[in-house]
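Asker: Residue strings, one per chain:
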Amino acid sequence: MGKLVAYRVLFAVPQLAIVSLVVFSLTYLVPGSPAAAILGTAATPDAIAQVEAQLGLDRPPLERLASWFGGVLTGDLGTSFRSGVPVAELLGQRFPATLSLVLGGMVVALVVGVGAGVLTGTRPGTTTDRVITGGTVLGLAIPEFWLGLVLTLVFAVQLGWVPVVAWTPITEDPVAWLRGLLLPSVALGLTGAAIIARQTRAAVVSALAAPYVDTLTAAGVPRRRVVLVYGVKNALVPVLASAGITFAILIGASFVVEKVFTSPGLGSLMLTSVIGKDFPVVQGVVLLTAVLVVVVNFVLDVGYGVINPQARPQ
Amino acid sequence: MSAAVTVGRPASASPLRRQAASLAQAWRRLRHQPATVAALVALVLIAVAAAAAPLLAPFAPDETDFTAALSGPTAEHPLGTDDLGRDTLSRVIYSARTALLVAGGSVLVAMLIGVPLGLLLGYKGGWYDRLGSRGLDVADALPGLLVGFVVIAVLGRGMLVLIVAIGLIFCMNFARMTRAVTLTERKKPYVEAARVSGLPHRQVVFRQVLPNLAGPLVVQGAVFLGSAIKVESALSFLGLGLDESQPSWGGMLGLAAEHQADHPFMALPPGIAIVVTVLAFNVLGDGLNDALSGRRPTRRRRAARSAARPQRAGGIPPASAAVAEQHPRAERPVAAAQTVRPEPAALELRDVTVVADRPTGETVPLVADVALTVARGEVLGLLGESGSGKSMLAKAALGLLPAGVRLGSGSVLLHGRDIAGCSDRELREVRGRSLGVVFQNPQANLSPVHTVGRQLAEPLRAHLGMSRVQARERAAELLDLVGVDDPRRRLGQYPYQFSGGMAQRVAIAIALAGEPDVLIADEATSALDVTTQSQVLDLLLDLRERLDMAVVMITHDLGVVAETCDRVAVMYAGQIVETGAVRSLFDRPRHPYTAALLAAHPSADRDVDRLPTIPGRVPLAGEWPPGCHFAGRCPFVRPECTAGPVPLTDHVRCVRAAEIALEVSEVAHA
Ligand code: SF4
Chain A
24 MGKLVAYRVL FAVPQLAIVS LVVFSLTYLV PGSPAAAILG TAATPDAIAQ
74 VEAQLGLDRP PLERLASWFG GVLTGDLGTS FRSGVPVAEL LGQRFPATLS
124 LVLGGMVVAL VVGVGAGVLT GTRPGTTTDR VITGGTVLGL AIPEFWLGLV
174 LTLVFAVQLG WVPVVAWTPI TEDPVAWLRG LLLPSVALGL TGAAIIARQT
224 RAAVVSALAA PYVDTLTAAG VPRRRVVLVY GVKNALVPVL ASAGITFAIL
274 IGASFVVEKV FTSPGLGSLM LTSVIGKDFP VVQGVVLLTA VLVVVVNFVL
324 DVGYGVINPQ ARPQ
Chain B
176 MSAAVTVGRP ASASPLRRQA ASLAQAWRRL RHQPATVAAL VALVLIAVAA
226 AAAPLLAPFA PDETDFTAAL SGPTAEHPLG TDDLGRDTLS RVIYSARTAL
276 LVAGGSVLVA MLIGVPLGLL LGYKGGWYDR LGSRGLDVAD ALPGLLVGFV
326 VIAVLGRGML VLIVAIGLIF CMNFARMTRA VTLTERKKPY VEAARVSGLP
376 HRQVVFRQVL PNLAGPLVVQ GAVFLGSAIK VESALSFLGL GLDESQPSWG
426 GMLGLAAEHQ ADHPFMALPP GIAIVVTVLA FNVLGDGLND ALSGRRPTRR
476 RRAARSAARP QRAGGIPPAS AAVAEQHPRA ERPVAAAQTV RPEPAALELR
526 DVTVVADRPT GETVPLVADV ALTVARGEVL GLLGESGSGK SMLAKAALGL
576 LPAGVRLGSG SVLLHGRDIA GCSDRELREV RGRSLGVVFQ NPQANLSPVH
626 TVGRQLAEPL RAHLGMSRVQ ARERAAELLD LVGVDDPRRR LGQYPYQFSG
676 GMAQRVAIAI ALAGEPDVLI ADEATSALDV TTQSQVLDLL LDLRERLDMA
726 VVMITHDLGV VAETCDRVAV MYAGQIVETG AVRSLFDRPR HPYTAALLAA
776 HPSADRDVDR LPTIPGRVPL AGEWPPGCHF AGRCPFVRPE CTAGPVPLTD
826 HVRCVRAAEI ALEVSEVAHA
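Keeping their order, the protein sequence lines are chains A and B.
Position 175 of the first sequence, counting from 1, maps to 198 under our numbering, and the rest follow consecutively.
Position 186 of the second sequence, counting from 1, maps to 361 under our numbering, and the rest follow consecutively.
Since the hints were derived computationally from the structure, they do not count as laboratory data.
Honestly, I wouldn't trust all of these hints.
Stated by the list, open to error - Here are the simulated SDA-like cross-link-like pairs (lysine to any residue), alpha carbons at most 20 Å apart as the crow flies:
| no. | chain 1 | residue 1 | chain 2 | residue 2 |
| --- | --- | --- | --- | --- |
| 1 | A | Lys256 | B | Ala619 |
| 2 | B | Lys362 | B | Leu295 |
| 3 | B | Lys299 | B | Lys363 |
| 4 | A | Lys256 | B | Lys363 |
| 5 | A | Lys26 | B | Gln668 |
| 6 | B | Lys570 | A | Pro245 |
| 7 | B | Lys299 | B | Asn348 |
| 8 | B | Lys362 | B | Leu335 |
| 9 | B | Lys570 | A | Gly267 |
| 10 | A | Lys26 | A | Leu323 |
| 11 | A | Lys282 | B | Leu430 |
| 12 | A | Lys282 | B | Ala578 |
| 13 | A | Lys256 | B | Gly667 |
| 14 | A | Lys256 | B | Gln672 |
| 15 | A | Lys282 | B | Gln672 |
| 16 | A | Lys282 | B | Leu443 |
| 17 | B | Lys570 | B | Asp593 |
| 18 | A | Lys282 | B | Gln435 |
| 19 | A | Lys282 | B | Gly414 |
Unchecked claim - Derived contacts from chain A toward chain B, CB cut-off under 10 Å, selection only:
| no. | residue |
| --- | --- |
| 20 | Leu49 |
| 21 | Glu167 |
| 22 | Ala233 |
| 23 | Ser277 |
| 24 | Pro287 |
| 25 | Asn331 |
| 26 | Pro332 |
All C-beta atoms in this analysis are idealised placements derived from N, C-alpha and C, irrespective of residue type, glycine included.
Next comes chain A alone, as it looks inside the complex:
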């Protein structure tokens, strides 16, 4: 297991290095000068030069690259051009809400998705199977943010079961935090659940057709146990292998969903920064998101090694 972790770290480091390189080069892709883009058409050359100096755009690329990597390693991602606040601080303020939402969504996606997949995969062709599988096809077509709107309408506005504006930091009131997270997590997680349910169903069906199922059943192990312990664990191997992609999708979707629930996450920060061309912040958000995806993939891969012995390096 230790070897797997070490191996995976070796893979993650260059991945992060490349991502941060790509993020760094963003400002070079802006047509014309980023400073001109920031200031708009009415900017004077003086003002542009001043902004360029402020952003360090006037320095040679290699020097900038070196200081960028130095900053990344020390957690200094520059300062927001619009607010003058250090980017790291801005990210720190917004990260808890995004992390809560995405983890909540992932829990919903995994629990509902694996549950539905096992339910349908163990009884293919039945009415239960057809209804739930039809539900997953529908689930894939519903935009998360619209589901959020509809859920809010029904459960917050009409029924009043949960507050409309929901975000409470966990440090303030864990119960309120959880209650507020309920609807956003469901809205965010159901599409992921549909993806996972489809994969799980297929995996369960093929796992249950495997000869070891017959071997164990023929040895007198109760069918239920064979299905739930052996079939499901084998089915989880391919599902877990692709859960990282689902997670990345959820992060992206959370940026939109949080607007519906006015949750103070990275999404709204990103949105204002994109509109305001606040490049240091945009770079920071992208980098943080990439780190999150890489870390989660790392954890998933180690988990994958736990359930699939063959994935452990020898």
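Fit chain B with the ligand to the known structure of chain A by using the hints.
Answerer: For chain B with the ligand alone, coordinates are given in the frame of chain A:
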């Protein structure tokens, strides 16, 4: 070189022709998928509505009417209005234009970037591919929507930017898919041949790979059109899409979100429009995938079968055949005692019929009227070619028949108790406890993600109610019993750490855990190499003796029968055609099929999957002749053979058994 050219030319035409044929087939299949047809109709309607928006929409999309602002559904505004009094219905219709235009454009962009990239990586291979694939992996670290954000941050807002942004999100998927298809295609002989014949690389790629890529591209294209609409609506919802003057479903929802407390209805029409459109694209994609891949399973299955055949024919000659002749089991005292047989048979099958229910509603027999007995301590061989129904028989006895196959009639008696038709719960007591089974494929018989010890403990805990610790102790003993060295350490290992022979020993240990009275070995040694095979067979015989079990050896291998069995039953096309003691049956076959088997393999050293001396092949289930199933291939056939069902009389199923004197050599010459 010229030979290569002649190979190259017809081959280069083949993928196109194949493609055309399969497209026609796919289209035929598509028409029988009501959901796909419905999706297609819905999409055509949406496209028509988008194109004819000025004619269909009651108002212009930006026509404001402040007197009717934020109205619910009225006669004039069937879907209500927004805060500027703009007609929701009209805006929903006009928004379809935006959605389809952006989605179509972005999928086009994605293909234009992704397909050439994938072709390059797949075709060039080597460093290109390694670097490129790593790049695709890195791209996975960024959520698609974030890529969209970044592109818009860098380039600003606008229709073209939106299309490029969404296109960039999906281009990686197209690249990955194209790379995969190219990699498989370039290894195929016709691409190689075309390359050898001197066609320029580019031509090879475009002529050979692209036609094979068309199917997957269309499927993915349809699905990504749906996804692109979702992304477009999300970006518009955030206000990063097109500017306000361009109506879009996402933008309408952004407005609705501001009024969700006072005018909740506003969120419904645009949302439903998105869901219906995306759903239609997804269903279309799924349907296309089914229709296009429908041909694949049959083709692949056929390929797999023909690939498997030469392998098996290339066969494993059991070295033990000669040994078996020196020590014929039939003469052993144990077997001699069987003729008296004082106790009830350990396992008795009475008139067992197994049938398959076809989707068409007809019922096809797979096994007909099989009667068999095996006594304690006896080894019974069940010999037959593949397709004779011998494995179905084993599964029928255990109640493990696959879906669509069932026990038609008959009884399965274990020490006189009928277990046919017992429920799963009742069978649980029987399986592994009275009747154990070992299947063919050693590795696949064990779950790859559980330790061997855990799987071995399962039946111990189920049958003997052992605790975890006890089960572990006993599991180690069992592994020792089946000849696995260092059992305690091996318990903690996974199946992939076992060789085929060792894995099969574990499977035997699992079958033996409940101490069954009868062990069915269903081709249990067929997948093993010669040496391992005889070791495992010796183990089975040894265990039979030590545990006083009855063993049913299901096999297509005459050598296995000769080496291990006391008695043998020969199966042909779902029926038992002859039974007898191994020695006498091998010396004096009474059924022409048995004789033919032996003639084909006089030294009993090969499996019976091919019978070079008799023309024809085993009739498939459902195509059995009315009389003797062997009539089509029998050199002694007479009209009376096909008149009606032939009963098993005096251990042989042949109307002419009494009159024809079979010599092995005679059949060979007949
Ligand atoms: S019944 Fe007739 S056809 Fe069948 S095996 Fe006997 S002789 Fe041949």
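Asker: None of the hints should be skipped; say for each whether it holds.
Answerer: Evaluation of the provided hints:
no.: 1; hint: Lys256/A to Ala619/B; in the structure: 15 Å, holds
no.: 2; hint: Lys362/B to Leu295/B; in the structure: 15 Å, holds
no.: 3; hint: Lys299/B to Lys363/B; in the structure: 15 Å, holds
no.: 4; hint: Lys256/A to Lys363/B; in the structure: 36 Å, violated
no.: 5; hint: Lys26/A to Gln668/B; in the structure: 17 Å, holds
no.: 6; hint: Lys570/B to Pro245/A; in the structure: 17 Å, holds
no.: 7; hint: Lys299/B to Asn348/B; in the structure: 19 Å, holds
no.: 8; hint: Lys362/B to Leu335/B; in the structure: 39 Å, violated
no.: 9; hint: Lys570/B to Gly267/A; in the structure: 40 Å, violated
no.: 10; hint: Lys26/A to Leu323/A; in the structure: 15 Å, holds
no.: 11; hint: Lys282/A to Leu430/B; in the structure: 12 Å, holds
no.: 12; hint: Lys282/A to Ala578/B; in the structure: 49 Å, violated
no.: 13; hint: Lys256/A to Gly667/B; in the structure: 17 Å, holds
no.: 14; hint: Lys256/A to Gln672/B; in the structure: 19 Å, holds
no.: 15; hint: Lys282/A to Gln672/B; in the structure: 52 Å, violated
no.: 16; hint: Lys282/A to Leu443/B; in the structure: 18 Å, holds
no.: 17; hint: Lys570/B to Asp593/B; in the structure: 15 Å, holds
no.: 18; hint: Lys282/A to Gln435/B; in the structure: 13 Å, holds
no.: 19; hint: Lys282/A to Gly414/B; in the structure: 11 Å, holds
no.: 20; hint: Leu49; in the structure: 6 Å, holds
no.: 21; hint: Glu167; in the structure: 8 Å, holds
no.: 22; hint: Ala233; in the structure: 6 Å, holds
no.: 23; hint: Ser277; in the structure: 9 Å, holds
no.: 24; hint: Pro287; in the structure: 15 Å, violated
no.: 25; hint: Asn331; in the structure: 6 Å, holds
no.: 26; hint: Pro332; in the structure: 4 Å, holds
Of the numbered hints stated above, those contradicted by the structure are hints 4, 8, 9, 12, 15 and 24, listed in ascending order.
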